[in-house]
Every structure is written in C-alpha cells, then in structure tokens.
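Asks: Sequence:
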Amino acid sequence: MEIDLQSGLSESAFAFRGYNLTNLGRSSELLEHAAYGRIVRKHLLAGSRICSDVTERNVDLVSRVRQGRETSLKTYSDAISIVVCMELAQLELLQEFFGIDYRQSKLLYGYSLGEVAAVIAGGVHDLEGPLRVLLTHADEVADLAHDVTMGVLFSRGPELPLNDVQRQCVRINSEGRGVIGVSAYLSPNSVLLLGQGDTVDRFKDSLREVLPDRIYLRKNAHRWPPMHTCIVWERNIPNRSALMMHTIQGGFKEPQPEIFSLVTGDVGYHDYNARELLCRWIDQPQHLWTAVYATLARGVETLVHVGPQPNLIPATFKRLSVDVEGQTRGSVGMRALSNIIRRPWLSALLPSRTALLRAPLLKHVNLEDWLLQHQPD
2 MEIDLQSGLS ESAFAFRGYN LTNLGRSSEL LEHAAYGRIV RKHLLAGSRI
52 CSDVTERNVD LVSRVRQGRE TSLKTYSDAI SIVVCMELAQ LELLQEFFGI
102 DYRQSKLLYG YSLGEVAAVI AGGVHDLEGP LRVLLTHADE VADLAHDVTM
152 GVLFSRGPEL PLNDVQRQCV RINSEGRGVI GVSAYLSPNS VLLLGQGDTV
202 DRFKDSLREV LPDRIYLRKN AHRWPPMHTC IVWERNIPNR SALMMHTIQG
252 GFKEPQPEIF SLVTGDVGYH DYNARELLCR WIDQPQHLWT AVYATLARGV
302 ETLVHVGPQP NLIPATFKRL SVDVEGQTRG SVGMRALSNI IRRPWLSALL
352 PSRTALLRAP LLKHVNLEDW LLQHQPD
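Quick note on the working numbering: the sequence shown kicks off at 2 and runs consecutively.
In short, the hints are calculated from the structure, not lab data.
There could be a bad hint or two in this list.
Below, in silico cross-link-like pairs of lysine to aspartate or glutamate (DMTMM-like), each with a Cα-Cα straight-line distance of 25 Å or less [what the hints assert, rightly or not]:
(1) LYS107 - GLU277
(2) LYS205 - GLU235
(3) LYS43 - GLU12
Ranges between beta-carbon positions, derived for each pair [as the list claims (entries may be wrong)]:
(4) GLY124 - PRO213: 23 to 33 Å
(5) GLY38 - GLU71: 13 to 23 Å
(6) GLU97 - GLU12: 17 to 27 Å
(7) ARG281 - ARG104: 22 to 32 Å
(8) ARG39 - ASP214: 33 to 43 Å
(9) ARG172 - ARG104: 38 to 48 Å
(10) ARG67 - LYS319: 43 to 53 Å
(11) GLU255 - ASP214: 24 to 34 Å
Ideal placement from N, C-alpha and C gives every residue a C-beta, glycine not left out.
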C-alpha cells in the first residue's frame with residue numbers, strides 16, 4: 002500500500018540509524034541518480050572536508066560511496082561521516098524534490114550516532130561542530146574496539162531484572178580483568194552488553210548463578226566501538242569531548258521538530274542544553290525502548306527510517322508488532338494461553354501500556370528505498 006508522506010507528515014516521526022558493520026546501503030544509487038546526485042555529492046564533499054581536516058589524511062567519501070567500498074574499524078571516521086552525511090542528504094532530497102519538510106513532522110530521534118544526526122537535522126547545531134568532535138576521538142574509540150565484543154542478553158520469561166544485570170556487570174568489573182556494561186536497553190526483555198576481553202563470556206558463564214531461568218546471552222563475533230559504556234573512560238574520551246563540545250559554535254536553538262533523546266529517555270533538548278546531552282551520549286546507555294514506546298504513545302502513524310539501510314529500529318518495531326499480534330490474537334482458549342506463556346514480559350506490560358497495541362498499525366517507510374522508488378517531478 003502506498004503511503005502518502007505529505008498528507009500524513011504531521012503525524013509522522015523520523016528515526017535515524019546509527020553505526021553498523023555495513024554503512025553504505027544504497028548510497029551509491031542515490032549518488033549516481035541523475036537528479037539526486039548533485040545534492041548527495043554536496044553532503045559527501047562536506048563530510049570529506051571535515052574528516053580530512055580532523056584526521057589529517059585524504060578522505061574521499063564520494064569515491065568510497067561510488068565504488069561501494071565498505072568501511073571497517075580502520076576507517077571508523079569515514080563510517081561516521083558517511084552515515085551522518087547521507088542522513089542529511091536524504092532529508093534534503095525529500096524536501097527539494099517532493100516538497101516534504103521533515104521539520105513539520107511530530108518527532109525526531111536516533112539510535113546512537115543517529116541522535117547526533119537528529120540534532121543537526123533539527124537545526125540545533127550545524128554539521129561542522131558535532132562531527133568534528135566525533136572525528137577527533139574516532140581513532141581512539143576504534144582502537145578500544147580491538148578487544149570489545151557484544152552480547153545480546155534476552156529473556157524468554159519475565160522482564161529482565163535490570164538491577165541484577167547491572168550488579169553482575171559491576172562484579173565482573175571489580176575482578177580487574179576488563180570492563181563490561183550495558184550499551185543499550187532494546188526492550189523490557191533485551192539489552193546490549195559491550196565488554197572487554199572475556200568479560201562477555203564470563204557474564205554468560207554466570208547466568209545460571211545470578212539471573213533467573215530462561216535468560217540467555219548471544220555473543221556477536223565482531224568487534225565493536227564501545228560507545229555508550231564506561232569503557233571509553235579508559236582514554237578520557239567523555240571529558241575531552243565535553244570540553245570540545247563547549248567550545249563549538251551554535252547550540253542555542255530549540256530543535257524543530259522536537260527531538261526525543263535516547264540519552265534521557267524523554268524529549269530533552271531545549272535552547273541551550275544540546276552540549277550537555279551530547280556529552281552524556283558518549284558514555285551513557287541508549288534507551289531505545291523508551292523511544293519505541295514514545296512513538297506509539299504520542300500517536301505517530303508513520304515512522305520514516307533515515308540513513309543507509311536502516312536496521313535496528315525497524316527490526317525492533319517488527320519484533321514488537323509480531324509479539325503484540327501473537328499476544329492479542331484470540332481472547333480465550335489454548336492459543337491465547339500459549340501466547341501468554343511465551344511472552345510473559347509483554348503480557349505484564351499490556352494492561353498498563355495500551356499504546357503498545359498500536360505497534361501492528363504503525364506504518365514504516367525506508368526513506369532510502371522510497372526516494373529510489375519515486376521519480377522527482
């Protein structure tokens with residue numbers, strides 16, 4: 002079914018993706034597009050200039066995107082620049098060629114790096130300041146990632162006992178053989194853990210002793226930048242970034258539209274506190290679930306996913322939609338009982354958080370795909 006973005010703009014929200022293992026998506030198609038290419042190139046050139054200046058090496062994001070050369074931890078600064086610049090480019094394409102101004106929507110928010118892009122898109126800061134701060138410490142963050150692994154901790158029973166999760170992270174840290182912490186709260190029954198060395202393995206080995214049954218940990222094989230955890234304290238990255246943030250220009254405008262911060266779990270940006278929130282963004286966990294619930298509770302009807310090949314936020318909503326449909330399908334009988342047994346965390350939430358019932362009704366638009374499917378006038 003075709004979604005009319007223009008007529009439903011006031012009831013829409015825009016969600017920005019963060020860093021991932023792959024960061025190009027369909028950017029090369031947008032760059033090579035006869036109509037779009039000029040604007041995409043402009044944004045990539047701006048990112049190349051800032052990235053080259055900060056890293057003191059020749060960075061050509063246009064060539065990287067055109068050739069489809071994916072980024073890696075060795076080119077983490079390129080990845081940051083591409084994601085942010087392509088998100089801003091997509092929004093300008095939407096406005097320039099289709100007259101759809103995202104600033105007339107209900108809400109902006111972003112996961113991880115996406116929040117920085119949302120702050121720029123919301124008009125609080127221009128690209129130069131925040132991107133320069135991120136890139137100044139990008140190589141150090143990537144260097145910390147050499148022994149950092151990710152674990153997805155999830156429950157197939159009740160909600161995760163977060164106090165117990167935090168307590169076990171502190172216990173492991175106190176052993177003096179690496180640091181582990183929660184990087185993101187994905188849902189009431191799942192969190193992302195990032196840990197140095199074998200800390201994720203040690204957390205997994207301790208599950209049966211410290212957490213209830215039906216809680217599992219799935220370890221990711223890749224290495225990850227330890228953003229949103231205390232691991233970045235090792236290089237004093239939060240304090241050094243905070244000092245830089247307080248010296249950049251701008252940051253005295255209220256965002257348009259409102260920005261829901263995954264740092265605070267609320268609409269928190271006003272006319273002068275962007276520096277404070279972006280500093281906290283560096284080492285504090287991401288509250289993705291609160292953004293998911295706020296999307297539904299605020300009556301958003303269409304969620305537009307911004308950035309190259311957005312993944313985490315669409316997948317989170319898809320899982321929630323499937324769970325809600327399964328939980329509410331049928332009101333009596335063995336099927337309903339079976340659904341409740343499989344999703345006790347959700348059955349406990351639904352009576353008090355009825356907005357979750359809207360999850361299957363929420364419409365989703367992948368902006369990258371939408372732009373390539375619609376030819377400009």
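Asks: Decide, hint by hint, whether the structure agrees.
Replies: Quick rundown of the hints versus the structure:
1. LYS107 - GLU277: holds (24 Å)
2. LYS205 - GLU235: holds (24 Å)
3. LYS43 - GLU12: violated (30 Å)
4. GLY124 - PRO213: 23 to 33 Å: Violated, at about 46 Å.
5. GLY38 - GLU71: 13 to 23 Å: The hinted range 13 to 23 Å holds for GLY38 and GLU71, with Cβ atoms some 20 Å apart.
6. GLU97 - GLU12: 17 to 27 Å: holds (23 Å)
7. ARG281 - ARG104: 22 to 32 Å: holds (25 Å)
8. ARG39 - ASP214: 33 to 43 Å: violated (58 Å)
9. ARG172 - ARG104: 38 to 48 Å: Because 47 Å falls inside the window, the suggested range holds.
10. ARG67 - LYS319: 43 to 53 Å: violated (31 Å)
11. GLU255 - ASP214: 24 to 34 Å: violated (48 Å)
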